[in-house]
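Q: Okay, here's what each chain looks like letter by letter:
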Amino acid sequence: MTIKNDIAISDSGFVFAPGTGESFTVNPIGAEIIQMLKEEKSVEQISERMLEKYNTDATTVEKDVNDFISMLRHFSLIEMND
Amino acid sequence: MEKQRYERPLIQKLENNMPNKFGTRTESAPMTHIDDVAVKDLMDKYGSPLFVISEKTIRTNIRKARKAFETRYPKVQFAWSYKTNYLDAVCRTFHQEGSWAEVVSGFEFDKALNNKVDGSKIIFNGPDKTEDDIKKAISNNALIHIDHLDELYSIQEIAGEMKKKARVAIRVNMDTGIYPMWDRFGFNYENGQAWDALNKIMRSEVMVLEGLHTHIGTFMLSPNAYAVAAGKLADLAIGVKDKYQHEIRYIDMGGGFASKNSLKGTYLPGSDMNPSIDEFAEAIASTLINSNFPPDKLPLLILETGRALIDDAAHLLGTVISNKRLSDGRRTTIIDVGVNILFTSFWYDHKITPAQPFTQYTENTVVYGPLCMNIDVIRDNINLPLLNKDDHIVIQSVGAYNMTQWMQFITLRPPIVMIDPEGEVHVIREKENLDRLLEFENVPEHLKDFTL
Chain A
0 MTIKNDIAIS DSGFVFAPGT GESFTVNPIG AEIIQMLKEE KSVEQISERM
50 LEKYNTDATT VEKDVNDFIS MLRHFSLIEM ND
Chain B
0 MEKQRYERPL IQKLENNMPN KFGTRTESAP MTHIDDVAVK DLMDKYGSPL
50 FVISEKTIRT NIRKARKAFE TRYPKVQFAW SYKTNYLDAV CRTFHQEGSW
100 AEVVSGFEFD KALNNKVDGS KIIFNGPDKT EDDIKKAISN NALIHIDHLD
150 ELYSIQEIAG EMKKKARVAI RVNMDTGIYP MWDRFGFNYE NGQAWDALNK
200 IMRSEVMVLE GLHTHIGTFM LSPNAYAVAA GKLADLAIGV KDKYQHEIRY
250 IDMGGGFASK NSLKGTYLPG SDMNPSIDEF AEAIASTLIN SNFPPDKLPL
300 LILETGRALI DDAAHLLGTV ISNKRLSDGR RTTIIDVGVN ILFTSFWYDH
350 KITPAQPFTQ YTENTVVYGP LCMNIDVIRD NINLPLLNKD DHIVIQSVGA
400 YNMTQWMQFI TLRPPIVMID PEGEVHVIRE KENLDRLLEF ENVPEHLKDF
450 TL
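Chains A and B are the protein sequences, given in the same order.
Numbering-wise (numbering that gives the first Met the number 0), the first sequence opens with residue 0 and increments by one.
Numbering-wise (numbering that gives the first Met the number 0), the second sequence opens with residue 0 and increments by one.
No lab work stands behind these hints: they were computed from the structure.
Glycine included, every Cβ here is placed at the ideal spot set by N, Cα and C.
Any given hint could turn out to be false.
Not everything, but these chain B residues come out facing chain A in the computed CB check (under 7 Å) [to be verified]:
#1 2
#2 5
#3 7
#4 8
#5 9
#6 10
#7 11
#8 12
#9 13
#10 328
#11 360
The calculated lysine-lysine pairs, modelled on DSS-like cross-linking and capped at a C-alpha distance of 30 Å, are [claimed, not checked]:
#12 120/B <-> 134/B
#13 66/B <-> 110/B
#14 240/B <-> 163/B
#15 12/B <-> 37/A
#16 40/A <-> 2/B
#17 12/B <-> 40/A
#18 52/A <-> 323/B
#19 82/B <-> 110/B
#20 2/B <-> 37/A
#21 323/B <-> 263/B
#22 199/B <-> 162/B
#23 12/B <-> 52/A
#24 120/B <-> 259/B
#25 163/B <-> 134/B
#26 388/B <-> 37/A
#27 447/B <-> 430/B
#28 323/B <-> 62/A
#29 120/B <-> 296/B
#30 62/A <-> 39/B
#31 240/B <-> 74/B
#32 242/B <-> 199/B
#33 242/B <-> 120/B
#34 163/B <-> 82/B
#35 259/B <-> 430/B
#36 2/B <-> 62/A
#37 2/B <-> 52/A
#38 62/A <-> 12/B
#39 199/B <-> 74/B
#40 134/B <-> 162/B
This is chain A alone, in the form it adopts within the complex:
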């Protein structure tokens, strides 16, 4: 599972998908996750990083990261590799 190659993301959290011409906004944590997906990090690695950096717990992170990825899929921003 990776973010599509052509997806562009700005520092301010503006996401552009040239394939469809659609654009999105993400909050800073959302931008971080997209960045990590671009770096081909796994969901486990992303979750670990969130737990290190933020004041939260594993259950919340697991739930929220999965929800966020399902929204990326809903918006056709990621492709499944297998």
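Given the structure of chain A, go ahead and fit chain B onto it with the hints provided.
A: Below, chain B without anything else, positioned relative to chain A:
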């Protein structure tokens, strides 16, 4: 290194629709305190959900309302509408501020008596007054506002038997140019029903016509409708004086003034759009003063305002149970406040404010209550900051009707606390518990035992 505050990740598609000229933000700051008492402390101590009433706001509201009318009209009397919120602590706050009691059932009448309101300062409205209720009202010298002819005849009969005069008024319904016209209560002005009832009372030897009453609707957004109503009641009163040389002592304009809540379907928030109490006062007072009453014979003006005096004095605190998504990707948040305790969510878009800091990011959210019922929707569309499970929220302006129309349904009803002007917190209604509820139930002997 100290960890940063967590916020759930968010992605939103940018749509090429019309921009919202009023901006998307509904909230700019969390509501962490109510009358300087921390929301978190209240919830830690009393649990969630929790109703919180501000005594200070009640007193401010009634004083402001009195000032609005008393600066425009010489004789004004407020009567607290029990059905709007009949918690004793709330009623007694209003009574301390000089309000009489306005009740619509024998139960509410007893509550007012129990609150030590003198019977002569209880206004008894409503279409359902039993024989016992009428006897109680007459013996307590209460003001009985007659709703229909059957009631008029009952009063005539009962007062005759008691050999005691009943102090009465009639409720008058009328066309004030608004829709819907409330013509189910009282006697109609335009078709002559009102005069018919007045004639019957004036010819009775056991009823004394003390006043005229109207209540033209609820959550009224048009002060002018009150001007029309006041004008019609003034005409009736002057007509009675001309015909019977009898002076009407008071005109009761009822209630129905809008609070600052936002009705469903309205574009602008109620806080920006709904008329202030001064606008209603101006419409009513100027009409009465400009009517044909001689300046020294102006009747007492009674107001039964409920909602506008109590709505913003109460908050409902709740907690986020879960965040989910609907099949179409819409965000939903489940909170522990259901429609069984927030009845008004059926007609208001209640303002919901987080009780802890949040960022500028928001998400369109459907807010559901905790009941396992499809109708349990608190907001069907609200732009909410990103809330996490266990976050606290404050639902604002819930003082009117919720604490009287609420139901024990699926969950137990929560406690109610009142913050006094010194910041002391008092539990004014305990949290319900199973034992108390079971006191009302009986199990027949043959149903007591079973094996599974």
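Q: Taking the hints in turn, state whether each one holds.
A: Here is how each hint holds up against the structure:
1. For residue 2/B, the suggested interface contact is upheld, since its CB lies about 4 Å from the closest CB of chain A, less than 7 Å.
2. With a least beta-carbon distance of about 4 Å to chain A, the hint placing residue 5/B at the interface is held under the 7 Å criterion.
3. The closest approach between the C-beta of residue 7/B and any C-beta of chain A is roughly 4 Å, which is under the 7 Å cut-off, so the hint is satisfied.
4. The criterion of a C-beta within 7 Å of any C-beta in chain A is met by residue 8/B, whose closest approach is roughly 4 Å, and the hint holds.
5. Look at residue 9/B: its Cβ gets to within about 5 Å of chain A, closer than 7 Å, so that hint holds up.
6. Nearest Cβ of chain A to the Cβ of residue 10/B: about 5 Å, under the 7 Å cut. The hint holds.
7. Because the beta carbon of residue 11/B sits about 5 Å from the nearest beta carbon in chain A, less than 7 Å, this interface hint is met.
8. A hinted interface residue such as residue 12/B counts as satisfied when its beta carbon comes closer than 7 Å to some beta carbon of chain A; here the least separation is about 5 Å, so the hint holds.
9. Given hint, residue 13/B at the interface with chain A, holds; its Cβ is 5 Å from that chain's nearest Cβ, closer than 7 Å.
10. Taken as an interface hint, residue 328/B checks out: its beta carbon lies about 5 Å from the nearest beta carbon of chain A, inside 7 Å.
11. At a threshold of 7 Å, the smallest CB-CB gap from residue 360/B to chain A is about 4 Å, leaving the interface hint in force.
12. At most 30 Å may separate the alpha-carbon atoms for a hinted pair to count; residue 120/B and residue 134/B meet this at roughly 16 Å.
13. The suggested pairing of residue 66/B with residue 110/B holds, with an alpha-carbon distance near 28 Å, which does not exceed 30 Å.
14. Between residue 240/B and residue 163/B, the direct Cα distance comes to roughly 24 Å. Compliance with the 30 Å bound is thereby established for this hinted pair.
15. Restraint check for residue 12/B and residue 37/A: the C-alpha separation of about 19 Å stays at or below 30 Å, so the hint holds.
16. A hinted pair counts as satisfied when its Cα atoms are at most 30 Å apart, and residue 40/A with residue 2/B qualifies at roughly 21 Å.
17. Of the supplied pair hints, the one linking residue 12/B and residue 40/A holds, its CA atoms being roughly 24 Å apart against a limit of 30 Å.
18. Proposed proximity of residue 52/A and residue 323/B is supported: the alpha carbons are some 24 Å apart, at most 30 Å.
19. Proposed proximity of residue 82/B and residue 110/B is supported: the alpha carbons are some 11 Å apart, at most 30 Å.
20. A threshold of 30 Å between alpha carbons decides the hint, and for residue 2/B with residue 37/A the separation of about 24 Å falls inside it, so the pair holds.
21. In summary, the hint linking residue 323/B to residue 263/B is supported, as the alpha carbons are separated by about 24 Å, within the 30 Å threshold.
22. Between residue 199/B and residue 162/B the CA atoms are separated by roughly 18 Å; this keeps the pair inside 30 Å, and the hint holds.
23. Between residue 12/B and residue 52/A the alpha-carbon distance is near 27 Å, which keeps this suggested pair within the 30 Å criterion.
24. A C-alpha spacing of about 29 Å is found between residue 120/B and residue 259/B, which places the hinted pair at or below 30 Å, so the restraint holds.
25. Between residue 163/B and residue 134/B the alpha-carbon distance is near 10 Å, which keeps this suggested pair within the 30 Å criterion.
26. For a cut-off of 30 Å, the pair hint linking residue 388/B to residue 37/A stands: about 29 Å separates their Cα positions.
27. With a C-alpha separation of about 28 Å, the suggested pair residue 447/B and residue 430/B falls inside the 30 Å cut-off, and the hint holds.
28. Of the pairs offered as hints, the one joining residue 323/B and residue 62/A holds, with about 10 Å between alpha carbons and a cut-off of 30 Å not exceeded.
29. Between residue 120/B and residue 296/B, the direct Cα distance comes to roughly 21 Å. Compliance with the 30 Å bound is thereby established for this hinted pair.
30. Pair hint residue 62/A plus residue 39/B holds up; C-alpha atoms about 25 Å apart against a cutoff of 30 Å.
31. As the CA atoms of residue 240/B and residue 74/B are separated by approximately 19 Å, the hinted pair is consistent with the 30 Å bound.
32. For the suggested pair residue 242/B and residue 199/B, the alpha carbons sit about 13 Å apart, so the restraint of at most 30 Å is met.
33. About 28 Å separates the Cα atoms of residue 242/B and residue 120/B, which keeps this hinted pair within 30 Å; it holds.
34. Taking the CA atoms of residue 163/B and residue 82/B, the gap is about 28 Å. The hint holds against a cut of 30 Å.
35. The suggested pairing of residue 259/B with residue 430/B holds, with an alpha-carbon distance near 28 Å, which does not exceed 30 Å.
36. For the hint linking residue 2/B to residue 62/A, the alpha-carbon distance of about 19 Å falls within 30 Å, and the restraint holds.
37. Note on residue 2/B and residue 52/A: the hinted pairing holds, with a Cα-Cα distance of about 5 Å set against a maximum of 30 Å.
38. Distance hint between residue 62/A and residue 12/B is fulfilled; the C-alpha atoms sit about 21 Å from each other, no more than 30 Å.
39. Taken as a hint, the residue 199/B and residue 74/B pair is honoured in the structure, with Cα atoms around 28 Å apart against an allowance of 30 Å.
40. Under the criterion of a C-alpha separation no larger than 30 Å, the hint pairing residue 134/B with residue 162/B is consistent with the structure, at around 11 Å.
Consistency with the previously given hints is maintained throughout, with no hint failing.
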